[in-house]
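From just these sequences and the hints, can you work out the full model?
So the protein lines, in turn, are chains X and E. Mapping of the first sequence onto numbering that gives the first Met the number 0: residues 0 to 277, in sequence order. Mapping of the second sequence onto numbering that gives the first Met the number 0: residues 0 to 228, in sequence order.
Keep in mind the hints are simulated off the structure, nothing from the lab. Source: prediction; values computed, not measured. Cβ coordinates follow ideal geometry from the N, Cα and C atoms, glycine included. Be aware that a few hints might be false.
Stated by the list, open to error - List of simulated lysine to aspartate or glutamate pairs, DMTMM-like, C-alpha gap at most 20 Å: (1) X:K84 x E:E193; (2) E:K11 x X:D74; (3) X:K215 x E:E193; (4) X:K265 x X:E48; (5) X:K155 x E:E92.
Unchecked claim - Pair by pair, the computed Cβ-Cβ distance ranges are: (6) X:D175 x E:T210: 38 to 46 Å; (7) E:K53 x X:G272: 27 to 35 Å; (8) E:Y218 x X:A43: 31 to 39 Å; (9) E:K11 x X:E96: 33 to 41 Å; (10) E:V192 x X:G272: 36 to 44 Å.
The primary structure of each chain is shown beneath.
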Amino acid sequence: MITRFFLTLITALFLVIPASFAGDWSKIKIGTEGAYPPWNGTNAAGELEGAEIDLIADLCARMNAECEIVAQDWDGIIPALQNGKYDAIIAGMSITEERMKVINFSQGYANEPASFSVMKSSSLAGLQASGKVNMDSLDSASTALIDALKSSLSGKVVGVQGSTTHENFVKQVLGDSVTMKSYDTQLNLELDLIAGRIDALLSDKGSMEEFMGTDKGKDVVFIGPNLGGGPFGAGVGAGLRKADTDLLKMINKAIDEARADGTLAKHFTKWFGKDISM
Amino acid sequence: MNYELMIETFPKLLMGSYITIQLVTISLFIGLFLAVGLALLRLSSNSFLIFFAKTYIFYFRGTPLLVQIFLIYYGIGQFESVRESVFWVFFKEAYWCGILALTLNTCAYSSEIIRGGIQSVPLGQIESAKSTGMSRFLLYRRIILPIAFRQALPAYGNEMILMVKATSLVSTITIMDITGIARLVIAKTFSPVEIFIVAGLIYLTINFAVTRLVSFCEYKLTPHLRYNE
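Structure, rendered in C-alpha cells:
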C-alpha cells in the first residue's frame, strides 16, 4: 500500500514537469538575473528594475501577454529555460554561436562594447582607454591593440563573471598568460577589484559605468580598446527554446515595433545615459 | 542522458576533489584542536571563559556558513585598514578565507560534540583516577579525553560528512573545488543534470571513505565491546 502510494507520488512528480503550451502565449514567464544593473538590477526595495525590466513590460504589452518575471542566478539561466522554468531570457545575454547551439535568439535589441577596468592607482592604468576592436574583422591596427592588452595584462589576475562572453574572451585570447577568476555576479567581481584581489576585470562598459558612478566605484577606470564581435557575440537578444518558433516571431515583431516608434532607444537611454539600442 | 559528457567531465571534477579534500582535511584538523580547547573553556569554572565559549558557539552555529564565508571573504576585504595590514597576505587569497570560515564553523559544532563526550565520562572513572593520585593533566590525557573521543566519535563522524558537503559553498568565492569546476563545465555545456550527477558521485565516494574511516576508528577504540576474538 505504502509502496504504491510512493510509486504514484513519483509518477505524479514526473508528470508535473512543466510542459510548454504551444500556441498559447497569453501568459509568458520571463527569466532575468536581477543582478546586472543597469540592464536588470534589484533596487533597495527588492524590486527588479532596469532597462530590460522596462523593455519586458513594453514587449509584453505589444504581444498582449501577461508576463511574469522570474529572477534566476546567471550560471543556471540557460538550463532553467530549457527545463521550462520560464519561456524567455531577457538578461543582457549576448547572442553567441556557442549559445545558439542550445537555444534560439531573437534579433538583437542592444549592443554595448566590453572593456577592461582597473583601479586608478594600478600600474595598468597607464594603458590608454582608446580604440575599438571588432573581433570578427581583425586588421593590423586592432591586432596591435589586442597585443598591447596581452602584454600589459601578462602575469596579472583578471576577473570576469562566470558563464559570460567576457570569460570566453579571457580564456580564448589571453589564455594562460593571465590567471582568471570567475565570479557569480557582476557586483562580487567589482568588489574584488576594489579589494585588490584581482588586477583587472573585463565586463561590459554600461554596467561598469553604473558602478563607477557610485561612491565605491569612483576610483575605477577603463583601460584599452572597446571590444566587440567574435566571442562577444552580435549584440544582446532574448533567449528562447528552440521549439518555440512562434514565440520567437512574436518577440521579433514586438522588438521591431518598439524600435520603430523609438521606445527601445528611450528605455536604454533612460538607464544607460546613452542610446545603446540596436 | 549524455553519458559521453559524464565520462569526459569525470577527470576534470576529480581535479577539483583535490582542493575539496585539502579544504576538509586542513579545516577539520585545525578545527578539532580549537574545538577541544573551546570545549574545555565551556566546561571550565570561570564564568568569563564560559561566556566567551557560549557566545562563540552561539554565533557560529546560529548563522549560515554561506554568510560566514561571504563576511570573511567580501566583508573583510572592504576595510582599507585590513588591506594595508600584514593580514592581507592571508585574506587576499580565497583559499585561506575558505579554510578560515570552514575551520571556525566546524570548531563551534565540534566543541559541542566534544563537550557532550566529556560530560558522558562516568563520574566513577574520574573518581577512581583521582584516587590513584593522577594530576589534572594526566587525568584528562589518560582517562577523560580518550573516553570522551570514543563517545563523541559517531556524532563527530556526522560532522566530518557535513564538512565534506559544506566545502561546496566555497565555490561561491572563486575557489575551484568539485562544485566550482562543475559550475564552470555547466556554463560551457548547459547540461547541469549530467555534471551534477558526476559531482554528486564524487562527493558520495569521498563520504564513503569518511564513513569507513570513522567505523574503523570506532572499532579500534572499543576493544572491550568486541566479542569472539
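Hints and how they fare:
1. Our distance criterion of 20 Å between C-alpha atoms is met by K84 (chain X) and E193 (chain E), whose separation comes to about 18 Å.
2. With a CA separation close to 18 Å, the supplied pair K11 (chain E) and D74 (chain X) stays within the 20 Å bound.
3. At most 20 Å may separate the alpha-carbon atoms for a hinted pair to count; K215 (chain X) and E193 (chain E) exceed this at roughly 40 Å.
4. Restraint check for K265 (chain X) and E48 (chain X): the C-alpha separation of about 15 Å stays at or below 20 Å, so the hint holds.
5. Straight-line distance between C-alpha atoms of K155 (chain X) and E92 (chain E) comes to about 15 Å, which keeps the hinted pair within the 20 Å bound.
6. At about 39 Å, the CB distance of D175 (chain X) to T210 (chain E) agrees with the hint of 38 to 46 Å.
7. Checked against the hint of 27 to 35 Å, the C-beta distance between K53 (chain E) and G272 (chain X) comes to roughly 53 Å, which is inconsistent with it.
8. Checked against the hint of 31 to 39 Å, the pair Y218 (chain E) and A43 (chain X) fails, with Cβ atoms roughly 57 Å apart.
9. The beta-carbon spacing between K11 (chain E) and E96 (chain X), approximately 23 Å, falls outside the hinted interval of 33 to 41 Å.
10. Distance hint check for V192 (chain E) and G272 (chain X): the Cβ-Cβ separation is about 42 Å, which falls inside the suggested range of 36 to 44 Å.
Going down the numbered hints, you'll see the structure goes against 3, 7, 8, 9, while the others check out.
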